[in-house]
Amino acid sequence: MIKMREYKVVVLGSGGVGKSALTVQFVTGQFMEKYDPTIEDFYRKEIEVDGAPSVLEILDTAGTEQFASMRDLYIKNGQGFLLVYSLTNYQTFQDIKPIRDQIIRVKGSEKVPLVLVGNKVDLESEREVPTSEGKALAQSWGVPFLETSAKSKHNVDDVFAEVVREMNFVQLPDQKDACCTCVIV
Amino acid sequence: MRQYGVEMARFTSAKMNKFRRKLSSLGGSTDKDAVVSKIELQNRRLSSISANGMDEEKLIVKGQLIKAASLEKLAMLCVDCFDDAGELQDNPFFPRMVFLMHKWFVPSEELAALFINLYQTRDKSICKSPCQHKPSDQNCRLNRFKTRVCYTVRSWISEFPMHFDLDPSLAREIRNLQELTCKDSANNHKLLVDISNLPSYDWMRAVSVRNSVKRSHKVSLVFDHLEPHELAEQITVLEYKIFRRISFSDFRNYAIHGKLQDNPRLERSIMLFNGLSLWVQCMVLSKSTPQYRAQVITKFVNVAKALRQLQNFNSLMAVVGGLSHSSIARLTKTASHLPPEINKALHEMTEMLSSNGNFANYRKQLSECKGFKIPILGVHLKDLIALHTALHDKVENGLLNIRKMAQLAVVFNELIQLQSTSPDIEANMDLINTLKVSLDLQYSEEEIYELSLAREPRESASAPPTPIPSEKPVFADWASGITPTLDSDTLKKHVHAMVEAVYKNYDHDRDGYISHQEFDSIAGNFPFIDSFGILDADHFARQLKTFDEVKHVDGMISKEEMKMYFIRANCHALSSGFRHDFVETTYFKPTYCEHCSGLLWGLIKQGWKCRDCAISCHKHCKELVVVECRPRGSVSSCPQSSNTSLLQDTDTSRATSADEQSSPRGTERRRQSSRLRHLTPVHQSTQTVKDSGISLMDSASSVNLNMEYNDDEVFVDEDVGSLRDRLRQSEEARAKLVSENQTLQTELASAHDRIKLLQSHIGQIRQHTVSFILDQMDILKMQRDTEV
Numbered sequence: 001m002i003k004m005r006e007y008k009v010v011v012l013g014s015g016g017v018g019k020s021a022l023t024v025q026f027v028t029g030q031f032m033e034k035y036d037p038t039i040e041d042f043y044r045k046e047i048e049v050d051g052a053p054s055v056l057e058i059l060d061t062a063g064t065e066q067f068a069s070m071r072d073l074y075i076k077n078g079q080g081f082l083l084v085y086s087l088t089n090y091q092t093f094q095d096i097k098p099i100r101d102q103i104i105r106v107k108g109s110e111k112v113p114l115v116l117v118g119n120k121v122d123l124e125s126e127r128e129v130p131t132s133e134g135k136a137l138a139q140s141w142g143v144p145f146l147e148t149s150a151k152s153k154h155n156v157d158d159v160f161a162e163v164v165r166e167m168n169f170v171q172l173p174d175q176k177d178a179c180c181t182c183v184i185v
Numbered sequence: 001m002r003q004y005g006v007e008m009a010r011f012t013s014a015k016m017n018k019f020r021r022k023l024s025s026l027g028g029s030t031d032k033d034a035v036v037s038k039i040e041l042q043n044r045r046l047s048s049i050s051a052n053g054m055d056e057e058k059l060i061v062k063g064q065l066i067k068a069a070s071l072e073k074l075a076m077l078c079v080d081c082f083d084d085a086g087e088l089q090d091n092p093f094f095p096r097m098v099f100l101m102h103k104w105f106v107p108s109e110e111l112a113a114l115f116i117n118l119y120q121t122r123d124k125s126i127c128k129s130p131c132q133h134k135p136s137d138q139n140c141r142l143n144r145f146k147t148r149v150c151y152t153v154r155s156w157i158s159e160f161p162m163h164f165d166l167d168p169s170l171a172r173e174i175r176n177l178q179e180l181t182c183k184d185s186a187n188n189h190k191l192l193v194d195i196s197n198l199p200s201y202d203w204m205r206a207v208s209v210r211n212s213v214k215r216s217h218k219v220s221l222v223f224d225h226l227e228p229h230e231l232a233e234q235i236t237v238l239e240y241k242i243f244r245r246i247s248f249s250d251f252r253n254y255a256i257h258g259k260l261q262d263n264p265r266l267e268r269s270i271m272l273f274n275g276l277s278l279w280v281q282c283m284v285l286s287k288s289t290p291q292y293r294a295q296v297i298t299k300f301v302n303v304a305k306a307l308r309q310l311q312n313f314n315s316l317m318a319v320v321g322g323l324s325h326s327s328i329a330r331l332t333k334t335a336s337h338l339p340p341e342i343n344k345a346l347h348e349m350t351e352m353l354s355s356n357g358n359f360a361n362y363r364k365q366l367s368e369c370k371g372f373k374i375p376i377l378g379v380h381l382k383d384l385i386a387l388h389t390a391l392h393d394k395v396e397n398g399l400l401n402i403r404k405m406a407q408l409a410v411v412f413n414e415l416i417q418l419q420s421t422s423p424d425i426e427a428n429m430d431l432i433n434t435l436k437v438s439l440d441l442q443y444s445e446e447e448i449y450e451l452s453l454a455r456e457p458r459e460s461a462s463a464p465p466t467p468i469p470s471e472k473p474v475f476a477d478w479a480s481g482i483t484p485t486l487d488s489d490t491l492k493k494h495v496h497a498m499v500e501a502v503y504k505n506y507d508h509d510r511d512g513y514i515s516h517q518e519f520d521s522i523a524g525n526f527p528f529i530d531s532f533g534i535l536d537a538d539h540f541a542r543q544l545k546t547f548d549e550v551k552h553v554d555g556m557i558s559k560e561e562m563k564m565y566f567i568r569a570n571c572h573a574l575s576s577g578f579r580h581d582f583v584e585t586t587y588f589k590p591t592y593c594e595h596c597s598g599l600l601w602g603l604i605k606q607g608w609k610c611r612d613c614a615i616s617c618h619k620h621c622k623e624l625v626v627v628e629c630r631p632r633g634s635v636s637s638c639p640q641s642s643n644t645s646l647l648q649d650t651d652t653s654r655a656t657s658a659d660e661q662s663s664p665r666g667t668e669r670r671r672q673s674s675r676l677r678h679l680t681p682v683h684q685s686t687q688t689v690k691d692s693g694i695s696l697m698d699s700a701s702s703v704n705l706n707m708e709y710n711d712d713e714v715f716v717d718e719d720v721g722s723l724r725d726r727l728r729q730s731e732e733a734r735a736k737l738v739s740e741n742q743t744l745q746t747e748l749a750s751a752h753d754r755i756k757l758l759q760s761h762i763g764q765i766r767q768h769t770v771s772f773i774l775d776q777m778d779i780l781k782m783q784r785d786t787e788v
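In order, the protein sequence lines correspond to chains A and G.
First residue of the first sequence: 1, per full-length UniProt numbering; consecutive thereafter.
First residue of the second sequence: 1, per full-length UniProt numbering; consecutive thereafter.
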């Protein structure tokens with residue numbers, strides 16, 4: 001018996017970094033014929049990570065970056081987060097930090113499952129953010145880092161798999177904590 | 001595996017249901033038959049895709065079966081949808097979709113030119129008989145074809161009259177067509193393509209909302225007195241007026257470029273949305289006790305309910321977003337005062353607007369709503385962007401992607417229906433003007449959250465780790481597209497309208513002045529700016545002196561003064577005399593805001609201090625300060641303020657070394673010490689007066705100067721008078737030094753106190769830690785013992 005776990009993943013980042021492209025690439029894959037982003041199950045996708053099948057519900061925040069209070073609701077609702085910047089635009093990389101601050105503030109915890117994503121790796125000639133900087137930032141937060149290309153389908157599935165791992169990983173210590181308190185009480 | 005299968009089955013059936021629901025919603029103004037036929041067509045298409053491939057030219061059956069087509073073909077297909085009497089055949093949805101959506105792909109005049117081409121066609125294949133093609137000949141097939149072209153154009157005109165009113169080059173093309181019909185002396189054709197009697201869509205050109213009819217009946221403009229439904233109605237009117245201005249090309253530009261630059265109408269709408277959310281949060285947080293805050297929340301929940309009834313989902317989202325924002329949601333004390341039914345209602349509305357299942361709940365409710373409704377802008381913008389990302393405008397052989405056109409049309413129908421409907425609400429322009437100014441808040445999320453923390457501090461025991469705000473104006477940066485500052489002209493206009501409204505409703509004796517009490521009640525609508533109410537003698541007199549109107553310092557406010565105040569408060573200081581050079585400052589004693597007299601809260605960087613005149617204020621007040629900037633160095637008439645500022649400076653200079661205490665006891669100590677400090681300058685000045693009777697104008701900075709003078713020239717001048725003078729000066733300097741000494745000693749004492757307190761804290765923490773470790777060891781021992 002396989003139990004399907006459901007995860008809510010929110011894709012965040014400033015405008016124009018390719019959040020939609022990444023999401024669309026991941027959820028549609030080969031079924032471009034049935035493309036309709038207004039139906040309920042459009043952003044649901046099954047993914048098998050480390051042998052365990054699970055269902056992801058992805059919230060693409062493209063187009064709503066400017067709506068401040070919606071962002072807060074999104075974060076409240078999400079379990080895992082992809083923080084996307086465009087490696088061809090340094091400003092979008094700098095925008096990432098305040099987004100993480102907000103996530104931590106809303107969630108009230110530093111241990112939020114998230115993955116740092118540098119998108120548009122296909123535009124190597126226009127790169128403004130060196131891989132090392134992305135890596136360093138991710139390291140300082142203790143989160144995985146990947147460079148992707150929604151256009152050439154590079155690493156797209158991997159970032160979603162990675163965020164699932166993060167969600168599994170971050171949830172584990174919580175359960176341990178629960179056990180501990182039981183013992184003490 | 002069985003569970004997996006069931007899950008999949010559920011997905012599929014849910015998908016089908018959603019699909020059907022969506023299809024039934026896209027009808028809009030088209031009738032049921034069209035929807036049904038669309039479902040059938042879609043199903044047929046899905047089943048025959050592989051057979052059909054991309055070669056659309058051969059398989060056209062009119063309507064949605066087309067995957068891609070050239071623009072010429074599209075125009076032809078539209079004409080084919082009409083019969084000789086101008087009635088729509090087969091697929092009524094198709095021409096409307098083309099009229100609506102062609103602008104995504106090409107300028108309107110291109111489509112119009114194609115209709116003209118069709119009208120001019122001399123294609124013999126249409127009418128083979130030896131016919132003269134005279135306009136009067138009802139049997140001539142070419143003639144009948146021309147009539148159908150004209151019916152097509154007429155349908156376009158009647159469906160989207162604004163296209164023709166707003167697009168001069170399109171209007172020119174259509175007039176060309178009309179001339180052609182004149183040449184043909186085909187009067188019936190000429191009438192069909194007439195665009196001279198279109199309604200004006202001037203309102204769509206302007207960014208701001210024009211004031212229409214002024215109502216004469218009186219209503220309360222005070223937030224506390226406003227009925228929730230009344231507030232909801234007027235918010236809806238405002239929302240409607242701003243939302244419906246967003247044009248097709250505004251949406252298109254945003255979906256394609258994702259930027260708000262050069263998109264003022266969309267930007268205005270988003271500003272209103274964010275302003276509403278912020279206003280809700282500010283109104284709640286402006287109340288000092290949990291009970292009051294709970295009352296405000298209750299009121300806004302009722303406003304939200306009313307918004308739902310009005311089918312204004314966009315404002316509903318903004319209000320609910322504000323109420324469930326983390327800065328409000330974290331207020332547990334406030335939440336405990338909320339009635340359960342309010343909690344329940346808020347929860348239900350949050351569920352309804354939740355992003356779960358791709359906003360499934362919201363989409364369902366929206367599709368069930370009939371008549372006037374305002375959709376959530378953000379959700380549909382998101383759909384547009386997702387569609388645009390996934391589908392290309394053209395397919396590989398250069399044909400237009402009609403599938404994309406059809407799907408975009410579904411979203412657009414939702415967004416632009418406001419241009420043709422209106423709410424059944426009587427607009428109250430006075431209230432709307434007041435709202436407009438109230439909603440124009442300029443706080444960042446960070447500031448609101450800090451305020452929330454100040455209202456109900458974290459409980460230290462379970463405090464989650466706080467992210468230390470790395471750089472300061474973070475969120476403002478993120479939403480960098482928006483500049484929520486209005487230009488001064490717009491602002492003046494808004495303020496003018498609002499002040500007029502206020503006077504109409506509150507100046508009961510019609511003498512052109514309102515009293516302080518009345519003003520206080522109005523000021524309650526503006527969270528944190530309600531300090532206008534404390535337009536006490538000090539601020540106000542100074543302001544009035546500048547304009548030689550001293551006679552009204554009796555607490556009466558005239559229209560002009562109020563306007564001036566608002567404009568000055570909002571515009572970044574109109575004259576340079578009011579411009580302060582503020583720097584963020586950390587205070588080590590309770591300091592009060594010059595503008596609103598409120599405490600500068602927080603541990604570090606509590607407020608902003610002017611480098612020149614050393615007044616202090618909140619970050620959000622610093623733009624509003626109306627006190628003139630009088631630099632310390634110059635001889636001023638207020639020595640006390642410059643003395644205090646000197647003390648503040650010594651405080652600030654030690655900022656780096658001092659540790660601050662957040663415990664209530666610490667704050668109390670500091671408050672005491674500051675009280676002592678406040679006494680010192682007073683003491684010093686009385687001494688000065690007693691000793692020499694010298695004027696109070698000498699500022700602290702001149703003391704040093706005097707002392708140098710004493711040291712260098714004491715033996716040169718033999719004149720007794722000057723000696724006496726010098727004696728007096730040195731005595732005065734001594735007095736000042738003594739007072740400074742006293743101050744420093746008080747500070748030293750308070751610093752000692754602080755150290756003691758810190759030490760006791762360390763002791764406590766040590767104790768706690770040790771006892772905790774001991775406890776843990778005990779438990780471990782017990783466990784081990786039980787195991788053994």
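Don't take every hint at face value.
[Unchecked claim] Computed list of lysine-lysine pairs in DSS-like fashion (alpha-carbon distance at most 25 Å, straight line):
#: 1; chain 1: A; residue 1: K8; chain 2: G; residue 2: K241
#: 2; chain 1: G; residue 1: K394; chain 2: A; residue 2: K151
#: 3; chain 1: G; residue 1: K241; chain 2: G; residue 2: K394
#: 4; chain 1: G; residue 1: K394; chain 2: A; residue 2: K153
#: 5; chain 1: A; residue 1: K151; chain 2: G; residue 2: K305
#: 6; chain 1: G; residue 1: K333; chain 2: A; residue 2: K107
#: 7; chain 1: A; residue 1: K153; chain 2: A; residue 2: K76
#: 8; chain 1: A; residue 1: K76; chain 2: G; residue 2: K344
#: 9; chain 1: G; residue 1: K287; chain 2: A; residue 2: K97
#: 10; chain 1: G; residue 1: K364; chain 2: G; residue 2: K344
#: 11; chain 1: A; residue 1: K107; chain 2: A; residue 2: K153
#: 12; chain 1: G; residue 1: K287; chain 2: G; residue 2: K305
#: 13; chain 1: A; residue 1: K153; chain 2: A; residue 2: K135
#: 14; chain 1: A; residue 1: K76; chain 2: G; residue 2: K305
#: 15; chain 1: A; residue 1: K151; chain 2: A; residue 2: K45
#: 16; chain 1: A; residue 1: K107; chain 2: A; residue 2: K151
#: 17; chain 1: G; residue 1: K373; chain 2: G; residue 2: K241
#: 18; chain 1: A; residue 1: K76; chain 2: G; residue 2: K333
#: 19; chain 1: G; residue 1: K287; chain 2: G; residue 2: K344
#: 20; chain 1: A; residue 1: K153; chain 2: A; residue 2: K8
#: 21; chain 1: A; residue 1: K45; chain 2: G; residue 2: K492
#: 22; chain 1: A; residue 1: K76; chain 2: G; residue 2: K394
#: 23; chain 1: G; residue 1: K259; chain 2: G; residue 2: K305
#: 24; chain 1: A; residue 1: K135; chain 2: A; residue 2: K111
#: 25; chain 1: G; residue 1: K299; chain 2: A; residue 2: K97
#: 26; chain 1: A; residue 1: K45; chain 2: A; residue 2: K8
#: 27; chain 1: A; residue 1: K107; chain 2: G; residue 2: K241
#: 28; chain 1: G; residue 1: K241; chain 2: A; residue 2: K76
Quick caveat, the hints were computed from the structure, so don't treat them as lab data.
Is the hinted pair K107 of chain A and K151 of chain A satisfied, with a Cα-Cα distance of at most 25 Å?
violated, 32 Å
Under the criterion that the straight-line Cα-Cα distance not exceed 25 Å, is the pair K76 of chain A, K305 of chain G satisfied?
Holds, at roughly 22 Å.
Satisfaction of hint between K153 of chain A and K107 of chain A, Cα-Cα up to 25 Å
violated, 31 Å
Does the alpha-carbon distance linking K287 of chain G and K344 of chain G stay inside the 25 Å limit?
holds, 23 Å
Are the Cα atoms of K394 of chain G and K153 of chain A separated by 25 Å or less?
holds, 21 Å
Is it true that the CA of K287 of chain G sits at most 25 Å from the CA of K97 of chain A?
Distance of about 32 Å is beyond 25 Å: violated.
Verify the proposed pairing of K394 of chain G with K151 of chain A, using a straight-line Cα cut of 25 Å.
holds, 17 Å
Verify the proposed pairing of K259 of chain G with K305 of chain G, using a straight-line Cα cut of 25 Å.
violated, 33 Å
Take the C-alpha atoms of K45 of chain A and K492 of chain G, compute the straight-line distance between them, and say whether it is at most 25 Å.
At roughly 52 Å apart (the allowed maximum being 25 Å), K492 of chain G and K45 of chain A break the hint.
Tell me if the straight-line CA distance from K241 of chain G to K394 of chain G falls inside 25 Å.
violated, 35 Å
Next pair to validate is K364 of chain G with K344 of chain G; report whether the Cα-Cα distance is within 25 Å.
OK: K364 of chain G and K344 of chain G at ~21 Å, within 25 Å.
Regarding the pair K8 of chain A and K241 of chain G, is the alpha-carbon distance no greater than 25 Å?
violated, 36 Å
Checked against the numbered hints given earlier, the structure breaks hints 1, 3, 5, 7, 9, 11, 16, 21, 22, 23, 25, 27 and 28 and satisfies all the rest.
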